[in-house]
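**Student:** In this text, residue positions in the sequence shown follow this note's numbering: the first is 1, and each later residue adds one.
Don't take every hint at face value.
Simulated pairs of lysine to aspartate or glutamate, EDC-like, Cα-Cα distance not exceeding 20 Å [what the hints assert, rightly or not]: (1) K134 <-> E98; (2) K134 <-> D95; (3) K66 <-> E11; (4) K134 <-> E150; (5) K94 <-> E138; (6) K94 <-> E52.
To be clear, the hints were calculated from the coordinates, so they are not data collected in a lab.
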Amino acid sequence: MWYGSATTSIELFGPTRYQWDQGYFQQEIYRSVSVGLAENQSLSKAWSKIPEKLAFYYYIGNNPAKGGLFRVGSMDNGDGIAVGWLGHPIFRDKDRRELFVRRMPTFFEIFPIVLVDGDEIVRADVPFRRAESKFSVEQVGVTVEFYGGELNGVNRATSKSDGVFRSSPRGWFTFGHASFALLFFFGHIWHGARTLFRDVFTGIDPDLDAPVEFGAFQKLGDPTTRRQVV
1 MWYGSATTSI ELFGPTRYQW DQGYFQQEIY RSVSVGLAEN QSLSKAWSKI PEKLAFYYYI
61 GNNPAKGGLF RVGSMDNGDG IAVGWLGHPI FRDKDRRELF VRRMPTFFEI FPIVLVDGDE
121 IVRADVPFRR AESKFSVEQV GVTVEFYGGE LNGVNRATSK SDGVFRSSPR GWFTFGHASF
181 ALLFFFGHIW HGARTLFRDV FTGIDPDLDA PVEFGAFQKL GDPTTRRQVV
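Given only the sequences and the hints, what does the whole structure look like? Please build it.
**Tutor:** Structure representation (C-alpha cells):
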C-alpha cells in the first residue's frame, strides 16, 4: 500500500510507505525484545515472544515498493509468499561486532545487501563483483545465529545444515533437459553405429566366401551348382 490513512486496514493492504520508511514495526519489535531482555529473558525467549503478525509486517515482501515483477526471496520461492518465520538473524563479524542489515527504502526496486554496525559503518556486504570485493561475508568472517522462529537454536557449524534448498526451478529445468538431451543424443549415436556396423551386429563376416550365400547355389557350399538367373 503506497498511501494510507488511520482507517486503512494494513491486514488487507499491507504497511504504508510511511510506516515502512520510518521503521514503525521494527521499532516496536526491538522495543518488545528490549523489554524481554530487561526481564532477564534469554535472546531466544525474547524473540520467540514476537507476534508473527508483527514480524510479517516487517517482512521485506511487505515493502510497498515490492510487487509485480519485483518479487523477493530465493528463486525456489520466487512468488515471495511468506509461509513461516525462520527467526531473527543476528549477524556478527570476526570481531564479534553485531551487524544489522541496511533496510531497503521504498524508493528502490532493488537494493544491495549491506551490513552495518551500531555506528552505521559498513562492515560487510554481498558484493556485485566478487573479484573486487573487500567486505564480502567470507572475507569479513560473518556468522549468523537465529533466535525465535523455526531455526531457533540451529548451529550451522555443528549441524552442517541450514534448511536451504541448493537448487531452483531453473536449476532443475536445466538439469532435466540436459539429461534428456544427452539421452537422445547418445541414442542417435547408438543407432547410427548400428547402421554403420550392421554386418558386425548381425554376426556375418563381410569377407565370407560366396559359396555360403544362402540361395545362390542348389547345394549349400557347392560352387558347381550355382543357380541360373531366369
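**Student:** Do the alpha carbons of K134 and E98 lie within 20 Å of each other, as the hint requires?
**Tutor:** holds (19 Å)
**Student:** If you draw a straight line from the CA of K134 to the CA of D95, is it 20 Å or shorter?
**Tutor:** Holds, at about 16 Å.
**Student:** Are K66 and E11 close enough, with their CA atoms no more than 20 Å apart?
**Tutor:** holds (16 Å)
**Student:** Would the hint linking K134 and E150 be met if the CA-CA limit is 20 Å?
**Tutor:** violated (32 Å)
**Student:** Between K94 and E52, does the CA-CA distance stay at or below 20 Å?
**Tutor:** Judged against 20 Å, a Cα distance of about 31 Å means the pair is violated.
**Student:** Does E138 sit within 20 Å of K94, going by the straight-line distance between their CA atoms?
**Tutor:** holds (10 Å)
Checked against the numbered hints given earlier, the structure breaks hints 4, 6 and satisfies all the rest.
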